[in-house]
Amino acid sequence: MVHKMTGALALGAALMLSTSAFAQDKRVVTWNADYDPIPLAAAEALIADFEAANPEIDIQLTNFDHEGYKNAIRNFLTANPPDLANWYAANRMRPFVEAGLFADISDVWADNGLMEALASSVPSSTIDGKQYAIPYTYYQWGIYYNRDAYAAAGVEAPGPEGVSWDQFLANCEKFAAAGIDCVTTGSSALWPVAGIFDYVSLRTNGYEFHSDLAAGKVSWTSPEARAVFENLGKLQPFVTRNHAAIDWQDAAALFVQGKAANYVMGNFAVGVFKEGGMTNDNLGFMVFPEITAGIARAEEAPTDTIHLTSGAKNPEDAKTFLAYMASAEAQSKWNAAVGQLPTNKNATVDPADPFLTAGFEALSTATGGIAQFWDRDADAEYAKAGMEGFQQFLVQPEQLEAILGRLEQTRLRIYPQ
Amino acid sequence: MFPRPIQQFSAPAQWLYTIALPIALVIWLFPLLGVALTSLRPASDLAQGNYFGMPSGIAWENYVFIFTQTPIGKYMVNSLWVTIPTVIGAVSLSLMTGFALAVYGFRANILVFFMFVAGNFVPFQILMVPVRDMTLQLGMYNTWYGLALFHIAFQTGFCTLFMRNFIKALPYELIEAARVEGVTEWRIFWYIVLPLMRPAIAALSVLVFTFIWNDFFWATVLTQGVDSQPITAGLSSLNGQWIAQWHLVSAGSILAALPPVAMFFLMQKHFIAGLTLGAVK
Amino acid sequence: MAMASKAGRWNQRRLAPWLFLAPGLFMFGVYVLWPIVQSISLSFYDWDGLYNRDGEFTGRFVGMGNYAELMRDPAFETSLWNNLKWLVLYMLALPIGLFIAIFLNQTVTGIRLYKSLFFFPFVISQVVVGLMFSWFYAPNFGLFYLLTESIFGRGTAILADPELVTYGIIAAGLWPQIAYVMILYLTGLNNVAPDQIEAARLDGAKGWRMLWYVVLPQLRPATFIAVIVTVIGALRSFDLVSIMTNGGPFGSSRVLSYYMFEMALGEYGFRMGYGAAIAVVLFLIMMVFISGFIWKMWRDERER
Chain A
1 MVHKMTGALA LGAALMLSTS AFAQDKRVVT WNADYDPIPL AAAEALIADF
51 EAANPEIDIQ LTNFDHEGYK NAIRNFLTAN PPDLANWYAA NRMRPFVEAG
101 LFADISDVWA DNGLMEALAS SVPSSTIDGK QYAIPYTYYQ WGIYYNRDAY
151 AAAGVEAPGP EGVSWDQFLA NCEKFAAAGI DCVTTGSSAL WPVAGIFDYV
201 SLRTNGYEFH SDLAAGKVSW TSPEARAVFE NLGKLQPFVT RNHAAIDWQD
251 AAALFVQGKA ANYVMGNFAV GVFKEGGMTN DNLGFMVFPE ITAGIARAEE
301 APTDTIHLTS GAKNPEDAKT FLAYMASAEA QSKWNAAVGQ LPTNKNATVD
351 PADPFLTAGF EALSTATGGI AQFWDRDADA EYAKAGMEGF QQFLVQPEQL
401 EAILGRLEQT RLRIYPQ
Chain B
418 MFPRPIQQFS APAQWLYTIA LPIALVIWLF PLLGVALTSL RPASDLAQGN
468 YFGMPSGIAW ENYVFIFTQT PIGKYMVNSL WVTIPTVIGA VSLSLMTGFA
518 LAVYGFRANI LVFFMFVAGN FVPFQILMVP VRDMTLQLGM YNTWYGLALF
568 HIAFQTGFCT LFMRNFIKAL PYELIEAARV EGVTEWRIFW YIVLPLMRPA
618 IAALSVLVFT FIWNDFFWAT VLTQGVDSQP ITAGLSSLNG QWIAQWHLVS
668 AGSILAALPP VAMFFLMQKH FIAGLTLGAV K
Chain C
699 MAMASKAGRW NQRRLAPWLF LAPGLFMFGV YVLWPIVQSI SLSFYDWDGL
749 YNRDGEFTGR FVGMGNYAEL MRDPAFETSL WNNLKWLVLY MLALPIGLFI
799 AIFLNQTVTG IRLYKSLFFF PFVISQVVVG LMFSWFYAPN FGLFYLLTES
849 IFGRGTAILA DPELVTYGII AAGLWPQIAY VMILYLTGLN NVAPDQIEAA
899 RLDGAKGWRM LWYVVLPQLR PATFIAVIVT VIGALRSFDL VSIMTNGGPF
949 GSSRVLSYYM FEMALGEYGF RMGYGAAIAV VLFLIMMVFI SGFIWKMWRD
999 ERER
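Protein chains in written order, with my numbering: chain A, 1 to 417; chain B, 418 to 698; chain C, 699 to 1002.
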């Protein structure tokens, strides 16, 4: 049998040799990504540009489905690493850095002057003084609203400065009376509920408390944490009823069709809304309402990143590509196509795009601070436990005590006091 | 015969039965029919919320789309690369093990036999971590042969049970007579037993083909990406990219289901003979 | 060959079975038996699936630690309960499969095609079955949702409901399982001794009494196989859970097989030892049934 195995190996090797013999003598860089259709097309356009400028390099992108990728990444990083892999900044990349699966790319940062060009993303790309990520995009979260749904329910549409929390809840009553979901989301993949929770938390207690909560430093049964759930409970009756079984794209369909009025989402969704038929005329954006008066406004703006893996077979060319992804030129092009914000401060943003300008405005005036996102600020296992709790609360608010108890138990296990 | 033949019932009862048959079938196959119809529905129908009404046209373009714009064809080829070697390997190995266990009365016989049978029933999860680790160490992760080798080994359990019982049912005198003639054991296997095994080989081949084609768990554990993922894992990944595009999900599902269904219809008798082994004495 | 001595042939016959068994035994040993031993020992370690630079195993021995944690893990408890639901409800495949088999056990034109078409769901991959039922259950436009909406005025989105989700997935799993059981019983019914049926009929036995006292006893081999394959099917419920809900909403549809995968290979996991401990529990549950099966086979073998 040993012979049989080595025989199979030899056969496999022969097959691989014969296929590579057909390919031109290009140096291959493999890249695993998790793009939805719009960003995928944008990434392929960037690859084409890069290969035109570097004809000796062949970038081979393997695209995964977005949710499946999260389960696949740890597997392929250990089993069969590509040269480059998409992932997320801050705490979300920490386990892979600590396990030695992502490589130190401080040299790429230093050689290309990125410390300055990507200055605002240095903290979220750095662990123990070394850089492990190339941030190439970020995007604001907030409330997107459908003006047609507002008109249908006879509710006055808010301006860009948004509405007060009481007004928002009062509007929800009117939407409910008109048979329209006030707030929609699709939480089958869990993370969309974290957007709602984060905002309610940031608005109830402010940035400091929220980041302590994500870091496991404060108790879920503290009065502040309870206050967050109390406010979330006010929103709960107005959230799309079966959100736990649908994906965010399904909820986007409800929103586009006017069956839902508001959507707490990230700016990447604008492309999907517009594909569904919305235009700048009936799609609106506002910041999440203030809840506790006087708290400095904080916003959510997750950063997406690319990483060099430790098992990369062609790290040199992969670094060349990473430098390209960090450049103002590449970031201007990719982000314009996707409708997100470049991290390179020299990159351009289309001034005619109302959502990008509104987002940029909201972020640059957020004096409270900028959070990444629940599942990037919190430790991976802790983040998942949290999101399951948020989702359950939005389905079964009466289970609050059980949810808080379980979250607290998880916190004490992961962060022994 | 049980129940009483319908021909012995009154005419209205016979009528009722003839009508009940197709109705029951449509209800039974409802999810399948719904998905088959959706796979031919234009995307515009779904966008307008026309899920179950008259389609505005037959959209073969859904199938054209998934073949030209997604790697579904590659996934299906990958499936064949795993499935066919597994069928050959598992059937060959089990012919030998089955022969050994059916013909020779050595002391450990029953023990070895029960070990194969029991192994066939263990939950996959108890094998997952070590098998994945071993496949990685041997450099066979994410290859068709890495997946096929595991399948061959695991299917040998079920196949041995099948082959052994089949050979046991052959007339033992044939083997006795050959031995008296001085024919070697290997030649007895090759020239006497093997030619009689055709129906068993056919039955096992279709069964193993179906099992392996439909395997999802090991495809997820031992492969990744378009290069070597079989259709089940590939379809799951495409499903994640096609969210809310049910016409594409449906077309992909129908395609993934086709080969085993075709196999079943072509080899029905063997298929059922294989599955119902042991259901009668 | 005629020259071979008697002793030589005796040796040959002693050696032959082992030569025939060798390849199969080797493969089975490497890929099935040895991994079981490894998994059991791994369940006493904390291991992230990695080796250090010298290729050495980096796990840390924790004794019963993983099992102790399992006892306090609410997700494990949910999975175990759901497995129990699967086991119990999957048994519905037996009466329903028998009912359909009896319904189809006639000789009218086209019945062969009907039997094949009824068997259809079993041939289809569980991935496809899962997708079909997801479509069937989909909120807002799924047929099941519309049906419940038209009856109760408010649609039920099974996969969003933590109380119902497991039952929804079990129903999807029952569909192919019933088909399998049906074909087992159809074959069994074909082999029921006609003379006994006729004799019973002369004695006035009909309907339920006939089924219970005359037919079912003769179907015992089919029932036995059906129970075994149904139990295995219930405990192998990974594919449907993974395709339809990923264990959600908030983990309410997890089963052991899925939870094990989640812990060992998911993004948050790579807790190989903890996963192995879950697998060992699942293995022990399955062993109860496997032992029963082997014991029955052993009895049958001795009777021959």
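Derived from the structure by calculation, the hints contain no laboratory data.
These figures come from a predicted structure and were not determined experimentally.
Take the hints with a grain of salt, since some may be wrong.
[Stated by the list, open to error] A short list of chain A residues far from chain C (calculated; beta carbon distances all over 12 Å):
(1) Ala33
(2) Gly100
(3) Val193
(4) Asn231
(5) Asp250
(6) Glu316
(7) Thr320
(8) Glu361
(9) Ala383
(10) Ile403
(11) Tyr415
[As the list claims (entries may be wrong)] Which bits of chain B does chain A cover? Going by a derived footprint, with three or more residues having C-beta under 8 Å, they are:
(12) 551-559
(13) 654-666
The beta carbon of each residue, even a glycine, is placed where N, CA and C say it ideally should be.
These are the hints, each one checked on the structure:
1. Against chain C, the non-interface label of Ala33 of chain A holds: every CB pair exceeds 12 Å, the least being about 16 Å.
2. The claim that Gly100 of chain A is not at the interface with chain C is violated, since a C-beta of that chain comes within 12 Å of its own (minimum 8 Å).
3. At roughly 10 Å, the least C-beta separation between Val193 of chain A and chain C is not larger than 12 Å, which violates its mark as non-interface.
4. Distance check for Asn231 of chain A against chain C: the nearest CB is about 20 Å away, which clears 12 Å, and the non-interface claim stands.
5. Annotated as non-interface, Asp250 of chain A brings its C-beta within 12 Å of a C-beta of chain C; the closest such distance is 8 Å.
6. Residue-level check passed: Glu316 of chain A sits 22 Å from the nearest beta carbon of chain C, beyond 12 Å.
7. Against the 12 Å criterion, Thr320 of chain A stays outside the reach of chain C, whose nearest CB is about 27 Å from its own CB.
8. Residue placement check: Glu361 of chain A keeps its beta carbon more than 12 Å from all beta carbons of chain C (closest about 34 Å).
9. Consistency note on Ala383 of chain A: stated as away from chain C, yet its beta-carbon is not over 12 Å from all of that chain's, at 8 Å minimum.
10. Remark: the non-interface label on Ile403 of chain A conflicts with the geometry, its nearest Cβ contact in chain C lying 9 Å away (cut-off 12 Å).
11. Look at Tyr415 of chain A: its CB is around 15 Å from the nearest CB on chain C, clear of 12 Å, so calling it non-interface holds up.
12. Counting residues of the region 551-559 of chain B whose beta-carbon sits less than 8 Å from any beta-carbon of chain A gives 6, enough to reach three: the coverage restraint holds.
13. Check on the region 654-666 of chain B: 7 of its residues sit with their Cβ under 8 Å from a Cβ of chain A, so the three-residue criterion for coverage holds.
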